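Trainee: Residue strings, one per chain:
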Amino acid sequence: MATKNKKLNLKDRYQYLTRDMAWEPTYQDKKDIFPDEDFEGIKITDWSQWEDPFRLTMDAYWKYQAEKEKKLYAIFDAFAQNNGHQNISDARYVNALKLFLSGVSPLEHAAFQGYAKVGRQFSGAGARVACQMQAIDELRHSQTQQHAMSHYNKHFNGLHDAAHMHDRVWFLSVPKSFFDDARSAGPFEFLTAISFSFEYVLTNLLFVPFMSGAAYNGDMATVTFGFSAQSDEARHMTLGLEVIKFILEQHEDNVPIVQRWIDKWFWRGFRLLSLVGMMMDYMLPKKVMSWSEAWEMYYEQNGGALFKDLERYGIRPPKYQDVANDAKNHVSHQAWSTFYQYSQATNFHTWMPEKEEMDWLSQKYPDTFDKYYRPRFEHWDKEHAEGRRFYNNTLPQLCQVCQIPTIFTEKDDPTMLSHRQIVHEGERFHFCSDGCCDIFKHEPEKYVQAWLPVHQIYQGNCEGEDVETVVSKYYHINIGEDNFEYIGSPDHKRWLAIKGESGGNKADSTDQDAA
Amino acid sequence: MSIEIKTNSAEPIRHTFGHIARRFGDKPASRYQEASYDLEAKTNFHYRPLWDSKHTLNDPTRTAVQMEDWYAVTDPRQFYYGAYVGNRAKMQESADTSFSFCDKRNLLTRLPESTQKQLLRLLVPLRHVELGANMNNSKIAGDVNATTVSQMHIYQAMDRLGMGQYLSRIALMLDGSTGTGLDESKGYWMDDGLWQPMRKLVEDTLVVDDWFELTLVQNILIDGLMYPLVYEKMDQWLGENGAEDVSMLTEFMRDWYKESLRWTNAMMKAVVGESEANAKLIQSWVDQWEPQAYKALTPLAETTVGTEALDEIRAQLTTRLNKFGLQQSQGVAA
Amino acid sequence: MSQLVFIAFQDNDNARYLVEAIQEDNPRAEVQHQPAMIRIQAEKRLVINRETMEEKLGREWDVQEMLVDVISIGGNVDEDDDHFILEWN
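Protein chains in written order, with my numbering: chain A, 1 to 515; chain B, 1001 to 1334; chain C, 2001 to 2089.
Simulated from the structure, these hints should not be mistaken for laboratory data.
Among the hints, a few may not be true.
To be verified - Taking CB as the label site, the calculated pair distances span:
(1) A:6 with B:1096: 38 to 48 Å
(2) A:10 with B:1259: 51 to 61 Å
(3) A:344 with B:1262: 28 to 38 Å
(4) B:1012 with C:2082: 33 to 43 Å
(5) B:1187 with A:38: 28 to 38 Å
(6) A:392 with B:1012: 45 to 55 Å
What the hints assert, rightly or not - Capping the alpha-carbon separation at 20 Å, the derived lysine to any residue pairs in SDA-like fashion look like this:
(7) B:1269 with B:1064
(8) B:1233 with B:1104
(9) A:7 with C:2081
(10) B:1054 with B:1044
(11) A:11 with C:2034
(12) A:7 with C:2082
(13) A:11 with C:2064
(14) A:287 with A:357
(15) A:473 with A:456
(16) A:364 with C:2034
(17) A:446 with A:423
(18) A:7 with B:1044
(19) A:6 with C:2081
(20) A:473 with B:1054
(21) A:308 with C:2044
(22) A:70 with A:220
(23) B:1054 with A:28
(24) B:1295 with A:26
(25) A:371 with A:397
(26) A:71 with B:1087
Since we're looking at a predicted model, the values are computed, not measured.
For each residue, glycine too, the CB sits at the ideal point set by N, CA and C.
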């Protein structure tokens, strides 16, 4: 054959191996093939301008991913065979995993479904392929997390019914509604929400310092799946940034739409991450970095650089970023206080930090911890020591948007709870913040639909009206095993038995616990 | 006493997750089981999709086919992600060896010009069919709830992309990696009468909304005729016409198709066997689509191996449909 | 305000070569060791060159091999056969 033309470079070659397989349809109307591409108002004038975020053909994908999986499963096997759960720093740590498996892993599965969907919705083949690759990656994460937790589930409580709980338990409606919100949006908003705002701007906060913390706490299985998943995340983050740049470059009318999505999804993501903040500051017995330090490094520094880069498109940093930055010194303490009070209705245990941990928190949060939180915690600790472990039996008011109890405080006054409300079509709705209230105001018809767990309990939709019935029957939380205070829990007793046997001389005091 | 403590603390308190135990009992579960059952959200969805307000998220009525429990459909290969990529990594390694071998020895560019042209006209355009199949399977993966079913379709989607890429690389080998061969081949796909019924069929599948109808049309009916025609009959024909070296470049597809029959057969048996209503509905889709798939492939068969070969394959497909409890399509009877 | 790009790797044998190569080609990059991971940041730009890596490893190295060990990145990505660049505009 004549080969006068120039050899393709890597980029063009990849285009031939992906988007060039697509064609302009003539037998069916393009609008019927891609019916979901226009309704959000995003204008795409030329899909050929799409920059492939990474140029991985399927053969390379299979090869590298198989290599990663091989390493990962070798470690899972070793971890289980050697009873690796006995080597973690302290069994309190496992409670972070319970929260992870019931709060985060179901999101990985929802992400798989969401990316498979948008992997079909776009008329640009380059974007479709990138989304499909992320879909199968997310399936991977969902499955490797089940496998990583499988061994823990055999030795600790609270990990036994994650997906069931995710659909029902009060605080799990926070992550669930977050992803439902993204999946029920159009394809461009989905990518702005998940690929950009969540993956690019915020997931580092979940996966990098927390997983590093898992390693520090001796959890080989979790750090391995966490970092192995993150190696896919580097591709996903690149997709997130390319998507945003592409949409913004396509048409100036897209800028205000994208800006509003960035504002919305930054805020929703920030609220969701309150849970991660408390995992880092309170649930890792050996600490790597504080939530506030992680926020500074991964949001203020990295996010700052990112939004500076996006300035040229007319994009500004997310609205209420100042509120979020200020809150870095509060959210983890406020969230932990809340979960401490409502441990009767969670699949994990809570506890008051030990003295050295309180001291660490004082040091990491010099302006807030001693002033606002330590006295309350010491009081609860004392109450507990005197046989009056505090539980709050009044169900909390939830925010209509983020669905977190309205526990957060005003930016300029940490002693004042932040609360907003509006009346929409004759009905009053409550919010935790201006951020959430704004989101509601823009799409009230969406957020009035929210399945608010507390409302649902009161309306009798959760197999019972008293908390105990709801918790045991509807949530599948085993009362006295999964929930309540950590000290004295079956997990705690089992852990003492494990340590007793390795410590030898402690056996006397623990044989009763082990029985 | 201390021995007893040891036993107590190392002894598991349960053997698997609750949702797995409810299906299989509390005993050690396989990796496939823990990765594949009841992971998806099932209830209490917060918002209706803006792109389809008639349905909820994860709505089981996105197909008219009804199953008491979609988890009755399982993968005989027991592919969860790790097992899947491990398997494909091996397959790609051997494909890679073949492609390098062919490339180094110029096995394709040594072929007569007319044979090279035939490859660009008769084989390479199938990369577009693969992309259509990729889109359809991704749609299905996004619409299905049961993970046993959705994961098979996302694997299928990625496989189709990969095979489209292998077909494209055949053209890149022919054109010296310039893309001219792919451009030429795409021209046939767009304008050559030989491909128009097929292109129309693929475009028609892209507007099918019911995901089970779509998996039937794509993964059973079209593939059921196309793969044996192209990768068995045409492969032989190409060999007889001096292009036997191409065969090593399509080995992946032959292995792949043989393997894919395992899950498509299992799925069809389970779903058709579930109820009379399912059988009736699916039969109506077979009647509607099977003749179209046959017609779409007829020009390719006429130009290469002859229509008898396609009829033979059609008879094999009918035998397969019978095994599921379905009949030959009315198109065959006519 | 400074604009830092960064890349983080799992702390394993592959990473040692990557870190060495990065340090050589980006003398101002800052290397941070954290449990199980290594994070490298630099003002505006960070480059990984195939050539440097191949020198370190004594074998051929495909830029995409790095995908196996990378944990996270910050910055616009520019990837081709010869390099992987992270950059802020």
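Trainee: Taking the hints in turn, state whether each one holds.
Mentor: Going down the list of hints, with the structure as the test:
The hinted window of 38 to 48 Å between residue 6 of chain A and residue 1096 of chain B is violated, with their beta carbons roughly 25 Å apart. Separated by about 31 Å at the C-beta atoms, residue 10 of chain A and residue 1259 of chain B break the suggested range of 51 to 61 Å. A hinted range of 28 to 38 Å is violated for the C-beta pair residue 344 of chain A and residue 1262 of chain B, which are about 49 Å apart. In this structure the hint that residue 1012 of chain B and residue 2082 of chain C lie 33 to 43 Å apart at CB is violated, the actual value being about 52 Å.
For residue 1187 of chain B and residue 38 of chain A, the Cβ-Cβ distance of about 30 Å falls inside the hinted range of 28 to 38 Å, so the restraint holds. Under the hint 45 to 55 Å, the C-beta atoms of residue 392 of chain A and residue 1012 of chain B, about 34 Å apart, miss the expected range. Taking the CA atoms of residue 1269 of chain B and residue 1064 of chain B, the gap is near 17 Å; set against the 20 Å cutoff, the hint holds. Taken as a hint, the residue 1233 of chain B and residue 1104 of chain B pair is broken in the structure, with Cα atoms around 27 Å apart against an allowance of 20 Å.
Distance hint between residue 7 of chain A and residue 2081 of chain C is fulfilled; the C-alpha atoms sit about 14 Å from each other, no more than 20 Å. Between residue 1054 of chain B and residue 1044 of chain B the CA atoms are separated by roughly 16 Å; this keeps the pair inside 20 Å, and the hint holds. A hinted pair counts as satisfied when its Cα atoms are at most 20 Å apart, and residue 11 of chain A with residue 2034 of chain C does not qualify at roughly 35 Å. The hinted pair formed by residue 7 of chain A and residue 2082 of chain C meets the criterion: a straight-line CA distance of about 17 Å does not exceed 20 Å.
About 14 Å separates the Cα atoms of residue 11 of chain A and residue 2064 of chain C, which keeps this hinted pair within 20 Å; it holds. Restraint check for residue 287 of chain A and residue 357 of chain A: the C-alpha separation of about 9 Å stays at or below 20 Å, so the hint holds. The suggested pairing of residue 473 of chain A with residue 456 of chain A holds, with an alpha-carbon distance near 15 Å, which does not exceed 20 Å. Of the pairs offered as hints, the one joining residue 364 of chain A and residue 2034 of chain C holds, with about 18 Å between alpha carbons and a cut-off of 20 Å not exceeded.
Annotation: proposed proximity of residue 446 of chain A to residue 423 of chain A holds, straight-line Cα distance about 15 Å (limit 20 Å). For the proposed pair residue 7 of chain A and residue 1044 of chain B, the alpha carbon gap of about 55 Å is over 20 Å, so the pair is violated. For the hint linking residue 6 of chain A to residue 2081 of chain C, the alpha-carbon distance of about 17 Å falls within 20 Å, and the restraint holds. Using a Cα cut-off of 20 Å, the hinted pair residue 473 of chain A and residue 1054 of chain B is violated, with the two alpha carbons roughly 31 Å apart.
Taking the CA atoms of residue 308 of chain A and residue 2044 of chain C, the gap is about 11 Å. The hint holds against a cut of 20 Å. Between residue 70 of chain A and residue 220 of chain A the CA atoms are separated by roughly 15 Å; this keeps the pair inside 20 Å, and the hint holds. Distance check on the hinted pair: residue 1054 of chain B and residue 28 of chain A sit about 24 Å apart at the alpha-carbon level, beyond 20 Å; violated. Among the hinted pairs, residue 1295 of chain B with residue 26 of chain A is consistent with the structure: their alpha-carbon atoms are about 19 Å apart, no more than 20 Å.
Our distance criterion of 20 Å between C-alpha atoms is broken by residue 371 of chain A and residue 397 of chain A, whose separation comes to about 26 Å. The suggested pairing of residue 71 of chain A with residue 1087 of chain B holds, with an alpha-carbon distance near 15 Å, which does not exceed 20 Å.
Hint compliance for this structure: hints 1, 2, 3, 4, 6, 8, 11, 18, 20, 23, 25 are broken, all remaining hints hold.
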